[in-house]
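*Asks:* Residue numbers (my numbering), protein chains in the order written: chain S, 3 to 485; chain Y, 4 to 172; chain G, 51 to 452.
These are computed hints drawn from the structure, not numbers from a lab. There may be inaccurate statements among the hints.
What the hints assert, rightly or not - Only pairs whose alpha carbons sit at most 30 Å apart, straight line, appear in this in silico DSS-like list of lysine-lysine: (1) G:K381 with S:K32; (2) G:K150 with G:K136; (3) S:K357 with S:K100; (4) Y:K93 with S:K153; (5) S:K357 with S:K153; (6) S:K34 with S:K153; (7) G:K437 with S:K32; (8) G:K381 with G:K437; (9) G:K210 with G:K136.
Said to hold, decoys possible - Beyond 12 Å from chain Y on every Cβ pair, some chain G residues (computed): (10) G77; (11) G87; (12) R107; (13) Y188; (14) Y211; (15) V367; (16) R436.
The beta-carbon is built from N, C-alpha and C at its ideal position, and this holds for glycine as well.
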Amino acid sequence: MNPTTFAAILPEVLLLVLGILILVVEPFWKEKDRRNTGWLTFGGLLAILVVSLLAGRPGEPTSVFGGTIRFDWLGFFFKMLFIFAAAMTSLFMMDVEKLGRRGESYLLLLASTLGMNLMASASDLVMLYLAIETTSIPLYVLSGFIVDDEKSTESGFKYLLFGAMTSAVMLYGFSLLFGFTGTTNLYEIAAAVAGAQVSTVTALGVIALVLVGIGFKVSLVPFHFWAPDTYEGAPTPVAGFLSTASKAAGFAVLVRLFFIAFAKNGLAPDWTTGLAALATLTMTLGNLVAMTQTNIKRLLAYSSIAHAGYVMIGVVAFSNLGVTSVVFYLIAYILTNLAAFGIVAVFSRVAGSDKISDYAGLSRRSPWLAMAMLVAFLSLAGMPPFGGFVAKVFVFAAAVKSDLVWLAVVGVINSILGVYYYLTVLKVVYLYRMEGEAEESHPIPLTRPYGIALVVLSLGVLLIGTLFAPWFSASGAAALNLF
Amino acid sequence: MTAIQIIFILSALVILGAAVMVVSTRNLVHAALYLVATLFGVAVLYAILDATFLTVVQVVVYIGAIAILFIFAIMLTRREMRDQGEQLNKGWGAAALIGLLTFGGLFMLLNNWRGVNATAAALPSGFDGVVELGTALVSTDAFVLPFEVASVLLLAALIGAVYVAGTKK
Amino acid sequence: MTFWSDPINFVAQWLRDVFTGWGWNPGLANAITLLLGALVLILFAMLLDIFLVWVERKVVARFQDRLGPNRIGPFGIFQPFADIVKLIIKEDITPAGADKLVYNLAPILSLTSVLLLWAILPLAATIYGTDLNVALLYLVAAGSLGTLSIIMAGWSSNNKYALLGAFRMVAAMVSYEIPMVVALLIPTIITGSMSVKEITLAQGDGGVWFFIAAPLATVIFLISAIAELGRSPFDLNEAESEIVAGFHIEYTGMKFGLFYAGELLHAFTFGGFLAILFFGGYRFFGLENLHPFVGAIIFLVKALIGYWVIMWVKYTVPRIRIDHMLGFNWKFLTPLSLVVLMVTAVLNQVLAGTETWVYALVMFLANVVIGWLTLEALRAYSRSQRKAEEPAVESVAQAAQH
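Using the sequences plus the hints, can you model the full thing?
*Replies:* Put into structure tokens, the structure is as follows:
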């Protein structure tokens, strides 16, 4: 095994080592010290991030491990994002009751992150499928982690049922693809498709089957039913992780699979048209339904569906700029949505409620938390100077450049719809008062892990929205690997 | 018609018939046993395709482990082995339509593929599928990474299962 | 190929020629010949089974200081035929509320799962059903069909004792399958093949019988085979004092007979696998080269010895509790077997290309070391257990005094 081969899976190996460390160390800690598992996970993930950035950077894109893994910037960039998201999630998890003191939860988080990392770099159908399952199965358990809470159990179970069903359909698509082309390697499949071994109709059929699985992961519209129920019932940090890292991993797979395997032989216009229709549906439905929500987690769930639609615009653009904008959008979205779910976690831990109306008076109860919420929600709404704004601009620009002006217009209209419900929440936070009570007597204390995470995320959102050039060029470098 | 074709048709009939019975019988243990028949039929298909390893693994894993687990789960959780509820819900028409459309779509898909009528090439003499598979699973030029990831997946699933089953409600 | 050197294949070829001579197409002729061959093999196994009934009864009688059957024929050898007649004329009872189809299918499946094993059993170099390249996995697969038959019998009888017996048996079989598979992997590693034929050949010229190279695997295989058979000390499935007769409590007449015959044949077959995997199969210092039938006789004798060991254990060791049985498997046998597997795999790689005697010696010593370490660990553990128990005993004694 030469150094490049090892560097290609360095983050995964380190994640596994960290997971085993937790598995071994945690039982020796006393009950009251178990929360330290969270710090261990956080510290370990940060260390992995640093070590990977120093020693695991890819050079020229290479296929390693017999072509099962592609070692390139696209994969590496996503890997770093996932590890960062997992680190933030581990901070959020620490003070959640029945979740933060269990070593299993962190271990499952790490296993899932490992799966996502492989999803981002897999270039072989076998590897890809195993990576998707390695991501999903720990997340099923994490969603239903609070076993004596019916909502959580329901959430985990729904996620499992939808996940199992869609992954079976996707696997069927994979098996057909293998049958038609005789190989599981994406690049060889691409060659087979380019050599017209597979007719357009068969290819499109396979694409439809595969899209079911990926559509589930990124909660695209006909496959989005699970999202609100799962997000509502799952422990809030887990919901945050689901809506950000898991979704980003889905997009990583989508771009790699579609741009490499199905790009040739005049196939692209066919599926981009289909995806454009799905993107329109996803945005519109997500935003419209989000308006009527009274539960903040359900609202965020529908908003995350809508965001999947925006990201899809970048995919549909089918260009270098398109993929760049997808990657950039996902960076901004991960930071923002993690912050949003983190705030919800902080609030519900103290107030014991996820109702939007209970957020009344938050600005007086905890000005800093309200501030963070302002940043996160304005970024979600796409307001300057936050990350969400720049990300949307790039996505729409990519659409316009690819002669998809109508799609950009749909996106803009949808963004305006989105502003309405994000601002409604902020209205409750800033303008409404708690009825008949002095807000100052109901403070919302921030524990240290929450504080660290929220500060990092809020600054990140601001940073991406103002100093976006380095991030954009990094995204561009990642996107370049697909063309 | 060759012997292989006869065996294929027979096992296909068993698979499909038993599969229909799995979903239509009211007795849950019978459903599990019909499932065993279906899985066994699939094992026969593998045997026809000269995939000895898959055949045996299909029996070991699906009949020896999964079906037994199903039967255990049914027996330990259900007092009444007979399902009394309605077998069809209101959406059955739509479901049937979608099922038919999917079937039609897949049929068209396969019909469009030029390999559908091709005869499988005979395996080269001295070809040992087990050796090939074993080598591929541990060789760094092939599938060693998926193989290892599968163990990570199983570890995570195991820990998850132990947690869910072992936590006091 | 003459009749003398290879009788079975000679007859098969002759039959093929006869059938094609009748104008059948070669594929059909081949299929019919194979079918006839399978039939002959099954007939042989079933006849052997009848003989086994006598062996079992005679041996158990000796262990219990009795004479055993001695009335019908010399040494009572025709006793099984009387048994069969008795079983056939018994009333065939199906309990009320039984699930008829499943109830009747279970005994057949039970015997089938054993007969399936005979397909891969090489009686001699040229007498075997088929040379499967995954034979050892096939052994496990056939065992899982046996598991299924037991749970079918236990459930369909509509009897609580039967169901309890089936649950116990299946729990035991599923757990002991793991050390068994691992023990099977050790001959596989040494040989480099899962084919039973290859394994036998590897123990011949230029090889040693594997019980020398893998004594621990031999013991582990024997223990898990006994558990898989559900024989004492692991016969929780029929524990007479608790659940009367376990999963076959409701079966009468020949249906019971099938279970009984299946169990005996199963035990004998595992004796045969013990012989094949660890004791050279049909080989005995070149004697098998005289004639295939000599090989077959050597094999049968070895299998009988294996069977005798299983009976020996059965009739001398008392039954153990179910939790002890499962604990023994999960906490002791499975880890031990995995350790042995790892050591064997590593040593096999290290010793590749060395002389046979070096290989065998190092393997044997490695097994001795593992065994010694295990015993030491067990001793230390039981010492600590005793220490922990002693104060408790004292306090109980004190409490009794007050």
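*Asks:* Would you list, in rising numerical order, the hints stated earlier that this structure does not obey?
*Replies:* 10, 13
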